[in-house]
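> In order, the protein sequence lines correspond to chains L and C. Here the first sequence stands for residues 1 to 521, where the numbers follow this note's numbering. Here the second sequence stands for residues 1001 to 1310, where the numbers follow this note's numbering.
Any given hint could turn out to be false.
[To be verified] Estimated spans, in silico, between C-beta atoms of each pair: (1) A346(L) - G1051(C): 30 to 40 Å; (2) D382(L) - A1124(C): 43 to 53 Å; (3) D1011(C) - R240(L): 52 to 62 Å; (4) A1065(C) - A375(L): 49 to 59 Å.
Please keep in mind that the hints were generated in silico from the structure rather than gathered at the bench. Just so it is clear, CB atoms sit at the ideal spot from N, CA and C, and this is done for glycine as well.
What follows is each chain in one-letter form.
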Amino acid sequence: MSVTETTVDGIPTLFARREDGQYAGGIVFRVGWADETLAVRGLTHLVEHLALHGVAARDVHHNGETHALHTHLYASGTAEQVVRVLNGVCAALCDLPVDRLETEKEVLRAEARGRGGAGSSMAGMRHGARGHGLSSYAELGLANVDAGLTVMWANEAFSRDNAVLWLSGESMPEGLSLTLPEGERQSLPPVTDVLGPTPAYYLDGSEDVVHVTAVVPRSCRAMLFTELLSRALFADLRQRDGLGYSASATYRVRDAEHAVVAVVADCLPERRGAAVGAVVDTLARLRWGSVPADELEEVRAAALAAVATSRTLPHTGLPARALEMLLGREPDDPAVLEDELRAVTADDVRAAAEDFHATALAQVPELGLEWAGWAAAPVSSDTAVDGTGYASLAADGPTLVVGDDGLTLRSDRGRSTVHFDRVAAMLAYADGGRSLLGEDGFHVAVEPTLLALDEDVVARIDAAVDPARVVRRPAREAASLPRPAGHSPEAAGPPAGQGAGEPLAPSSPLLRRLWRAARGR
Amino acid sequence: MVHDYCEIFPDLARLRDRATQGDLRGALGAMDRAGLAGVVEVDRRLWVLAGEAGVDEPLERLLAAEPGHRRGRTLRALRLLVRGWDIRGTATAEHVTTAQFDAFHDHLRRAEQVLLRLCAEDPADPEPWALRLVTARGLSLGIPETRRRYTRLVELDRHHVEAHQHLVQSLCPKWGGSWDALFEFARDCADAAPDGSAQVGVLTTAHLERWAGEDDPELRDGYLSDPDVVADLEEVSDRLLAGEATPYSWVGAHSDVAVALVLAGRPQRAVRHLGVLGPAMEDRAWALAGPRRDEVEELRAQAATHGAYR
């Protein structure tokens, strides 16, 4: 049993035979939200929804998923059903049902509400408001997206040269007609870093959770380390200390070279500090303590069992293998993988813990982590602009400086600067409010209800910001406008990072294309 | 009055001399050997060494030669703690300068990181856990985290006397706790202690802290002579005298209860403890005796003529 590589309608294809009578298939495209800009955040997800909408297949299990670097559309059932979905998806991608645009935007907004909007602010703290950092941001660009932009994105990114097809069944199914436009394999978006020295932490008291993420080289030792860490967190925080309900660690492939290991531990509100301390101790134990031999053998056995499954049932690994092809990584040889897993020692696990520590970023509900030797992540801009100052209408509110090159909002707690040539997105409300998000993650809100502004300030800002980065929003209701009474607004809204990042160079052809199209709107 | 543990206990003097006069390695090696009744009180030995600036130079040499030396690293952490607290001083927070706080926190953070690693390497050693109660207090890590550390410690050593004393401090309102939480802990802790153990004395310490923390002079004067408080002190007194004492920490327990009983107007009971103490008296209790020190001295002389010295 093995995987066959072939081509269907010009699309590189993986096929694996299976004996259970079932058929399945999917198309993986090398495009995801990390390829977008904040000003059009949600565009890929929208295309995915439109591609599936036209597929009248209530009787077939099918779905779509948009990730950082890839989008996956798939189905399972009979050969005929799978073929019908895949053919329908490709037909829809070539001729998007743009009359559905506004309806699907509503669906996406509902979906976002269902899962709580944007993800954790950690990715934004590490990468800024672009590339991999965009997972921290809501799909706020949807308001901006029109039919022209959506069709352009589908043509450029959902091409046959930017896709891998996978199929499984008794034999190659008949009747596939997957007409996708010609195009090119998209290069990966740049990996940006706005964080500064690591390990680093920031405080977020809005949830009773400790998050820690780290970017580590992909390896068997890192996978086994993650499993051991996950077990240790559960044993320490929940079973021993009763600090919370869930505590675990996950290993997720980021690209060809790196994986993201993410720790999430919730806690009782009155025991937040203890949860922070316990996570630090558990991480330290993996780094410096002894690795119980029986535990290492258990996680090794589980990993080997997963490899054995992929050997005997090769179709189960097809979507992952399709993604590896798109990321430019050779598929893992099961025999090599098994040898590597068998070779992992306790010292290797400790070395993986050291890798984790070296790039770790923590979000803690209180205490901070300076006591444990971690650096404070920057929560105040390291630059400010010169220009005209505007006082707050509140006694202790932040003041705004408007310069030729950008804006600085300054308060007792720090300052937040956004340079006009580094705006990731500007929300422009019809009521006159402006909210500028910098590529480094810093945020400046220009609210006529909070600041004593001249009449022409907003017009000056509008003239200075690239129209491709502007997201037009309707006027907010009078009751929901910010008011100066009560406590003053935060100077820097999370996520925030430092200002040293590169400008968002149109470094990939896809991004260049996106900017041109957005400007021409 | 003798306050110095090295004067009270010749074995501690020998340990100190050995450590500062060329054989720190040997002194640290002897540290974990059993003392009276099989109880070691390693922490008291460590605190004695950490009070000596003369250990710094031999300690650096030891750790240069053996970077992994466990007791050496524990002592280094404790030296950082002691030096940090010396910089801070004992004044209340509003009388400590920013520069003092910065240096204090810097020392404590460095100590904490050594201790964190020691705990991770060998989770079965109670000593770094006990010292982490002190870093938690100085670094304001809060009661929940301090409690977690305390729980880890008592899993390893149920009757770690100093740890109970550290938690008493952390639970005081001046460090973010409350009197209710303090007394709940102190009673449970004293109840769980074997007769004779200095652990019984945490209840005395709690009462003395409550008394010293009372700003209203009238309330303070009446506090220790309140019948309920006197009953607590008498129970502690009976239990301390009833069983086998802990190797070193009996000095603190008897000092506390002797002074508390004098302040509570129960001098004849205090005599029994002063008899046990002989010339010894812990400096903290002595400081609390304040204007009543002459009375304590007289009672001690009385105890001596009755031949009640231990």
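> Taking the hints in turn, state whether each one holds.
Here is what the structure says about each hint:
1. Distance hint for A346(L) and G1051(C): a CB-CB separation of about 39 Å, consistent with the stated range 30 to 40 Å.
2. The supplied range of 43 to 53 Å is met by D382(L) and A1124(C), whose beta-carbon atoms lie about 45 Å from each other.
3. Taking the beta carbon of each, D1011(C) and R240(L) are about 37 Å apart, not inside 52 to 62 Å as hinted.
4. Between A1065(C) and A375(L) the Cβ separation comes to about 32 Å, which falls outside the hinted range of 49 to 59 Å.
Checked against the numbered hints above, the structure violates hints 3 and 4; every other hint is satisfied.
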